[in-house]
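Asker: Going down the list, the sequences are from chains U and C.
Our numbering applies: residue 1 is where the first sequence begins, and numbers increase by one.
Our numbering applies: residue 1 is where the second sequence begins, and numbers increase by one.
Source of the hints: derived by calculation from the structure; they are not laboratory data.
Since the model is a prediction, treat every value here as computed from it, not as a measurement.
From the three backbone atoms N, C-alpha and C, an ideal C-beta is built for every residue, glycine too.
Check the hints yourself; a few may be wrong.
[What the hints assert, rightly or not] Computed Cβ-Cβ distance ranges for the label pairs, DEER-style:
1. C:His537 with U:Lys198: 29 to 35 Å
2. U:Ser52 with C:Lys539: 58 to 64 Å
3. U:Glu37 with C:Leu453: 36 to 42 Å
4. U:Glu15 with C:Ser303: 52 to 58 Å
Chain by chain, the residues run as shown.
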Amino acid sequence: MKILVPIKQVVTLDEDFEFTPDNRDVDHDFHIYDLNEWDDYSLEEALLIKESNDSPIEIIVCTVGNEYADESLRKCLAKGADRAIRVWSNELKNTDSIGIARIIAHIARREEPQLILTGVQSSDFAHSTTGVATAGILGWPYAAVVNRFEPDHDFTKASILRELEGGLEEAMNIDLPAVITIQVGINKPRYASLRGIKQAQSIPIEEATPDSLGMIDSEIGESGSASIIKKMFIPEKLSTAIIIEGTPAQQASKLAKIINDFKGV
Amino acid sequence: MHPIVTASGTFNPEQITRVVFQDFSPSTIRFFYVIGYLAIGLFLWNSFIEIRKYMRGKKNGSFKISCLVAGVKYMFSVLLTHRTLRRRDTLTGWMHAMIFFGFSVLLAGTSIITLQYDITAPLFGFKFWYGYFYLWFLLLMNIAGSAFITGLLYMMYRRNWLKPPKLDYTRPDREPNEYDRSSYRHEDWVFLWVMVTIGITGFLLAATRIIWLHDDPTVWGLRWWQPISTVIAYTLMHLGVNSNLAHILRNDLWWFHGLLALTFIALIPRTKAKHILTSAISLIFKDPMAAQRLPRSNPDEVSIGYSEITDFTWKHLLNLDACTKCGRCHEACPARATGAPLSPRDVILSLREFANRTMESQTLPNKAELSVHGKAVDQVFMETLWSCRTCMACVEICPVAIEHVPIIVQMRRKLVEDGDMDPILQKTLQTIHKSGNSFGESKRKRASWVKKLPFEIKDARNEDVDVAWFVGDYASFDPRNQKVTQSFARILKLLNIDFGLFFEGESNAGNDVRRVGEEGLYELLAENNIEMLRKSHFKRIITTDPHSYNTIRNEYPDFGGKFEIEHYTSYLARIIGWNQLTPTRKLNYTVTFHDPCHLGRFNKNYEAPREIIRALGLNLVEMERTRDNSFCCGAGGGRIWIPDVVGMEKPSQNRIREAAKIKDLEIFVVCCPKDLVMFEDAIKTSGHEGHFVVKELIELIAEAIELPTLETAVS
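This is chain C alone, in the form it adopts within the complex:
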């Protein structure tokens, strides 16, 4: 073995280590072990209680064992890059990374000592924790400890001085006197103080050891391998701490540090610290399709949806515990932002409190006490569930893969089953069942907009076409949208695209019916459409409606309907610049673009509409909330069929207000039929009429290629 040569002497590497339990009597060491085992025992017991809680849920239908490897990879990639934690809160994300990596290294370091002292040395006589390995270990632990403490101090600063509103735990679904969240705040602070104290005492332990053993050249001579501890040691010596005092101090600190750390470990599964485990596991089991594809109901079950807490899948129960109360979903939610009694965070936290209250004990309470619907402080109001726009802003931003919207829709399924819904929504669902569309028009009228066109359109149900166009309800029946629909048909014609329609064969695609929670009706609509699409003759489907696009693309495959479908923006983006679609007129408008939830967040199509906007020569100015942070128009999740509360700002008005901040804005561009309806209404009701206008991207394309108006074209 090569000796270690340093400025202060030459050492035998085996001497360079730390004597564990130096100067401890055998009885105190035994005492410490008893405490240690007790802590591990408590940790396991507490973990058992939590695991038993999750096991009381249903099995997770969407999960396959084959996904496990990918899930673990995903979890590590998220943890190592911290990419989901840095979003929309970069500094905090980095600071969390410092705590995370600091904690991980410190934990690994302590485990390495245990590994040698309790396992490899007594069992195999194998030692490795000495020499250069030990010295690098010291340096790394010093760096990790500093990162850990810095991160924690920043979090304290953030909570106490920055006070971001998303951390104040105000619930929009309850009056201030109806709930008490002070325990959350206490726990936050205890958590921070315990960890920072463990960190600081760790440094003090190292520093007092340097002073105590300053006569030992293997300690003093190599002290700069732990630079921070050494600086602290010098400071302490300067303050009059000598070798004897340091020894006494170290002894007391050792017990304090040790007991605190062991208590922390014992309580991990039952406190805020559990997120260390639950968030990581939640990431492993992340459903990559959680946003765009809702879970199927089990046809064998008597009831549907989430009525009792035991109806939840174990994964959703784990989701409840994975929440770190970071407030990103609270901030992103359009319902919350406009004063509706819904915060995705509070739905999750209420349900978590409920699960803990009812499912942590030995036996489950009776069925009546398991219902998650109701007015108790840890239950969820019907009004809260109906406030959701299923825009997926919460699911999309959640750093730990919590599925707020699938949980809300599962709970809505139960409400729908019981008829607990707005009478107008009930009427609409009956209308859709009866006539296949939400407008209550007869099927025959679905394609009545084609009558004004100067050409015939093929029927894809019995003629071969390249492209079949699934029009969707709003684009078919809404008079304002019909004009856009006609323009799009004429653009396709101009491009000599061989296209067709399904005419009265088409039913409402069901996307929003499913998000309302009327799963039975959704299944009926999906099955009708799939059967009709199967019998038709086309190569691919296009649509102007992001809602239809989403469900046909992502949800129909679960019902046996696999079709290639494209939103018109990506279809046209590919062929723009070709022959007839070359813009002949440069449009000089200043515009902004609203990403439809179902196109952007759901299906990650952010670029195609922007490519078209740029190709048309428009001056695009983005709004503050854009792309994945796009702010829902308020129509999603069936909310277009539920009247908004009078006197409250609508999400669409909030969005228009945001757009109005753009200097000299002329056009608010949308590419979704529902957006067109919602924002044209909002522009009038929010007092911005005359300042700027809402236009479908199709209308701007028509203008840029100088498509004559329909009246001129016909005559």
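So that you can see chain U by itself, here it is in the shape it has in the complex:
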């Protein structure tokens, strides 16, 4: 049996960064890469399922990205994933989350996993759509924002808890195969020691392309996407915070003045 864990190598930024000349992305020189936090949890969940099952389970991690993304895949392999697939070609540059979901769906058709575990969202773009879109394309059931996952013994059903707003939880059963998007906090992700990551260097990463997955042109890149990024910019400051200093009496009079100014008195 297989579990597919699609992961994302996200970008974090420093305070100082610059945009690309076309203003559609942050200059890649300022990218700091890391494995998406949510994916740490979905991989951990897959590993826990594997470890608590007697029958053999293969965990396949996959991602869409250039060779920089290998680092995140290696981290997953170091933690115990069995196989890694990285899909890339230059046509994929401006692919949005729907386009990514199409690629994952193709991988799923090829690998036929019983379960797809993804993170709820990525920390950089926060669309929260890749997982559920994959389910839509595959025509599988899905559950989003799951914070407990318990498959039955023959992996045909699972009982799950979903985290709702206001501290509520929703319990439901879901038929497998399904796509589950995992919420942070569902488990305690393990540590990938550097030694483990180094040892994972010897595990080959399968490099696939949209072609090798059998995708047709209308599914690839911008054609397969539902959106394109027109512009990226830093929003203008709408309000400013000031710290009122001085003795309590001085602070009170300054505060009164601000309120009066605001009211237009």
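Keeping the supplied structure of chain U fixed, place chain C upon it in accordance with the hints.
Answerer: Frame of chain U, contents of chain C only:
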């Protein structure tokens, strides 16, 4: 042969000896030999069991045959001077010396008799144990016996009346009902009583022989060659012991003394007495770099660190048996002193119990039963291992060269591999991996502190400099330390020193990452830094950070990075008094100085900071625990990244409390960025704010040379 002339007559030297087995029947002599061989056989068998146990460990990577001669020399120098045994417990050390030398001479004496009686006389007809040699032998044996017994009696007095807390075997890592150490106490006392009894019966044997053979002029006439025995003989005679009674007594005592001594010998390898052998061998194989350079991991091994007892090197297994439970490490440990569940002594003793339980039998139990990590009474808790500050106080004071910290770090490597660590520490390690520093700041910001300086600093990566400054994480990113770092840069500038930085080329030096047990990350950091340092252009490196200093100096060479590096204190101590660095203002503060572990204990730099303190005219008052006994601030071994248990005293607070005892103390001087952070925090949380302040030595130098403040300097 010259006759021996004395007041009581003239003797043929060959007559002056002791007839061995005098009046014994051949069958009793045979019986004694059977017992004797049996004892030797048991000794060898027991030794075999122990040696087999050590052989079940891994090979000792750091050891080279060429070190053996130096090791043996070192062992003899320690044993003959007893210098490691006298530290922080002088009287006990001297008393142990009396037992040691007494025992050695008595053992050698008995062996000499055997040598003649069983070897040289029957094989070659060669005898030497007579005449003056015999007489001096008697005198020496009397002196040795007295020393032996005196030392033992003192140890009894110490255990029973002085009762030092370090000998009560209380374990900080277990509740009192979870373990039973009464067997340790029983063994201690049996050991003392057996030895003192062997000693006393030895004297009684000599005394009863003097009475029994008082008609023999070679005995009676020369009795004062064994003065103590003679005094005892007179006392016994006074109590009514005559020649016949003495003969009977002597016969019984002889068997008692002999059998007791032989039993003792047979059991040496399996009892407390084994330290006679194990401690000496441990000293031979002492790794002189044990404190400052941790062992490398074997890249070919599938697993890392110590998980099972069979992962230990044979040397570390021997270390476990070398422990004499003296309690010096227990006393010195800052974690133990502040109530953490760690005593280096108990780690060693638990592991020793574990090794004995699992590895002394014919076959090894299965793998699952060999794990040293766990909750059983002879296993080690994760919490215990994470309590260690790797300050090396234990390794440094151990009189028999036990490597507590390398053992603990090896065990931590296994914990790290399994992810058994504090979540915050885990996060920090990931941060260091990602950004190359523990602050999670971008590499570009590493040298952002230079922006405020009114001058440019060279980039040692592409410009020639005399001195390259490896700044380290805390001095680069911590806002309080940045001020010190800026001052140091300005002092270097003032001195017209041609210096440069590595800017974003620098990564965390890895010292503390290695001590956490994340060896893979350490290797990555070390290799990155070494590659960067190799490509740079400098004559020597200086740093204000003792942690970076230690690992670059002592550990980078193992990875092919040999660089000359100096801590700023020794660098400035050499040039203080030169041109611009002459103090222009005398500072009259009463100060105390805290030796950073990595500068002092690790690298033995105790003097340079003190020289500077004196040169500045400060009134230095030392704390109780100073120099090699300096008390760790609690930040080492990655503990700066692990939150301390709430409600428990921190080592830094304990230290501040110690400093506060100094009358009129004004400044607590440090020379380590982590110390500055730890103690400034501790001074606030321990309620001493306003009483005295913590300052970096650099700040005092700046004050003494009247370096203008940065704001004034810029404007």
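Asker: Run every hint past the structure and note whether it holds.
Answerer: Results of checking the hints against the structure:
1. C:His537 with U:Lys198: 29 to 35 Å: Check passed, 31 Å falls within 29 to 35 Å.
2. U:Ser52 with C:Lys539: 58 to 64 Å: Holds: the Cβ-Cβ distance is about 59 Å, inside 58 to 64 Å.
3. U:Glu37 with C:Leu453: 36 to 42 Å: About 38 Å separates the Cβ atoms of Glu37 of chain U and Leu453 of chain C, which means 36 to 42 Å holds.
4. U:Glu15 with C:Ser303: 52 to 58 Å: At 42 Å between Cβs, range violated.
The structure is inconsistent with hint 4 alone, although it conforms to all the rest.
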